[in-house]
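Enquirer: The primary structure of each chain is shown beneath.
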Amino acid sequence: MAEAGETAGQSEFLYWFKICLVFVITIHLFFSIYKLDEYSLFVLWLSEIQRKIRAAFHVFDHKADNTVDVREVSTIIYSLGCFPTKADIHRFVDEVEEDNMGYVHLDKFLPVMTKVIMENKFPPIPEEHLRQAFEVLDKDRRGYMEPQELAKYMKSEGEAFSQEETNEMLTALVDEKKNLICYKELINQLTIDPDT
Amino acid sequence: MGCGMGKSSLQEKKCSRVSIYSVPAIRAALLIQRWYRQYVARLEMRRRCTWNIFQSIEYAGEQDQIKLYSFFGFLMDHFTPASSERNLISHIFHENEICRDTEWERYFCYKDIEVPDSYTGPHLTFPMTFCGVSKLVEAFKHKQQLHARYVLQILGETWRLLRILPNINYVSVSQTKEITICGDLHGQLEDLLLIFYKNGLPSSEKPYIFNGDFVDRGKSSLEILLILFGFLLVYPNDLHLNRGNHEDHIVNLRYGFTKEILGKYRVHGKKILKLLQKIFSWLPLATVINDKVLVVHGGISNSTDLCVVSRVDRHRYVSVLRPPKTVHQTLNGNKNEDDNGPAEGRRRVRSLTNHSSTLPQRNNLPRRSLQNPSISHQLSSSVEDELKRRRRLAGFDQTYKNGNELDSDSDPDFAEASKANGHDWKQIVNLLWSDPMPQNGCISNEVRGGGCYWGPDVTEEVLGRHNLQLLIRSHECKQDGYEFCHNRRVLTIFSASNYYEVGSNRGAYIRMGADLVPHLIQYQASRTCRELTLRQSVGWTERSALRALREQLFVHKSDLIRAYQEFDPHQTGKISMRHWASATESVLKLGLPWRVLRSQLVSRTHYGMVDYQQWIKELSITEPKLEVSDTSILETMYKNHSNLETIFRIIDTDHSGLISLEEFRQTWKLLSSHLKMEISDKAIADLAHSIDFNKDGSIDINEFMEAFRLVDLSAHS
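Those sequence lines, one after another, are chains A and B. UniProt numbering applies: residue 1 is where the first sequence begins, and numbers increase by one. UniProt numbering applies: residue 1 is where the second sequence begins, and numbers increase by one.
Bear in mind the hints are in silico, worked out from the structure with no lab data behind them. Each residue gets a CB set at the ideal place from its N, CA and C atoms; glycine is no exception. The hints are all genuine.
Only some residues are given here: those of chain A computed to face chain B with a beta carbon under 10 Å:
id : residue
1  : 86
2  : 124
3  : 137
4  : 159
Take a look, some chain B residues computed to stay more than 12 Å from chain A by CB distance:
id : residue
5  : 60
6  : 249
7  : 523
8  : 653
Think about it this way: if two alpha-carbon atoms lie no more than 30 Å apart in a straight line, the pair counts; the simulated BS3-like pairs of lysine-lysine are:
id : chain 1 : residue 1 : chain 2 : residue 2
9  : B       : 478       : A       : 86
10 : A       : 52        : B       : 589
11 : B       : 478       : A       : 52
12 : B       : 67        : B       : 669
13 : A       : 52        : B       : 617
14 : A       : 52        : B       : 557
My request is simple: use the sequences and hints to build the entire structure.
Expert: Next up, the structure:
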């Protein structure tokens, strides 16, 4: 009995081993036919990332001299799909700003930003975490919050909002008719990110 | 132990610093803040791209207009008087006809115009009073139209008043008397009414400065003018108007003011337009507050000299787009003209701009040169001297700073006067058309086609030279209604909210007291009852911009396909995104970030390749409502929609809105000369046959233009 079991286990193992081998060989063939080795794949991926970074950078390069105002850096980073905290942004800016001159040159921005994307340093917030965060503040789990409730948290906690940011947020998130922030629906609507 | 009290108070302090919220709450807040900031930033990126689209298309249109006008100037200078083409347009250059003001007054007389009993609009009595103007404002608020008799009456009075005003108004503000400064209004009456609502009507306690561009684009240009002129008549010392680049009948032909007047006043429109031409030329050029703040519509150049400006005969520049006739008489009369050929003359005619030796660094800007800076050096010395003189006349010489240098020249009086004219004219163009730039220097403004780009060093120099501390200008639309630049020494103020589209930007105005510190008030006229959310306004504006962009792509169909095919030698029908972006830019020359826009313009890509043939087909813009066999002429029509309309309106000398078949043919001939294209007589005849003629064999301009207006089918918002 034990022997039969072992043989069965062995043949199963052999079966899967063969599958894997075939798989690996196919991939290898695929790569060699299309002359795609790991290195060129990597290069392709890298150049695509850098093209995206350059394109976003240039939207704010008003002087057409490969520099942007340091205050625009956060917008550029966010628009590339990253979710840094304010502290993250301060650190980033410290690395890339030209000696407190108030501007950032593409030559410094590009490598640092590339690293951020490749290492996924500021990953997006999963919808689930966002919902949970709202539920922490909405203790009774009603599915909505009063505008002033949320405003209170935003203005006094974490990396606090300014009054202007708070006002803008309320205009953006409050449902006119109910005068409430129905966060469950909002999360669905607002986290869909069009690919740039 | 001894400090028991101290300890507890210390602990209390510590407690007040620690949050009353739990750690999870703090972390939750952090997360939400991070998420929200990212969301806002993405919207900002989209808003910025949308903005660039609108602005590029707007400036390209302005450039087009100036090119067209330059082309007419070229015709005037180089075709024989007998040429029929020249005859069609020569009348627009007869601005400085030797006609006395008294004769004009008779022509503009309103007294014979009867106001019928059926007229339900406001009745005005003269002299104007505050009540009268308020009544007028109320009437316009209720969308009433003022009778032509009263229009001509107000305009006549305004004209008489403006003639005695100086080129530069000097005003003062005190502790008790603050002044309000507004920027471009562009026919948007809602914005003017909103300003009056928030800030109060003009009065001797509430002085106002309106910094130009009252007309064009919006639908209520005339109403705005009448209100401003009304207040001007009642409070001539407390309401100040500066001329803008749109207070110019040539610009009005293209941007809608002429159309508005003719639409509203079918019988007397022509007279009203002519009177407005004169009024515009008599508008003051600038205002100075407390000898410290300069308010002017466009900006300055490195050669701006307020002493020169205050001495010019401003009313001789009915249209600022072209130097006055005497300049050309000198230039044309010279024997060396023929040596250099038409090209040289063309260069001079088009030279509306300041020419500098500083090489422009703005590589990414659309560079449609209206002028070729290189002038031949292989000329003999006498001719070279002549050239130098003419160059100085047209304003190329950088060291030419003020009028006093004229005396050093030994030329005859006539030539001297002409030199002065050229220099004066350049001063005015720069005041009305220039834009600031971040880099130092002063270069020609080739994006708009007129005026210059001036840098922070020029600001410092010019302000310093005149002992001023701030320059307030308008001319450029700004997202927040205002923008500081050049170390806060230049302030741009723009008062037409939702300029490009609903939700595109806010408007703003300035309040300034004796401390001369500008206080900015922003607003946004909302067409809907409630304010749009951030996302909605960005989305709306974006859709509109993309629509405009798709139209541009559509009208350049054949050029685009040709450009794409250059990257597709094997004719697979597909090109990479990178090639798509660079080919599109090479055709449209709008300087836009095509890669960033690609996802919104091209819906499907296969492995990063764009199927361009399919995509162009899918641009889904409707074909015209009429059957035309020759499709190439159609494309020319679309591309030159505005040019065509402008030419039509110029040709329509009696402003009836109708032109004859022969004039229609001549229009196309003119256009084909301008574009240097062959348009066959047969194609034109075909086009003509496809139109409905009125019984007397004439064509209605509006109907024709409507029939060929593009409608974006994909716009279902």
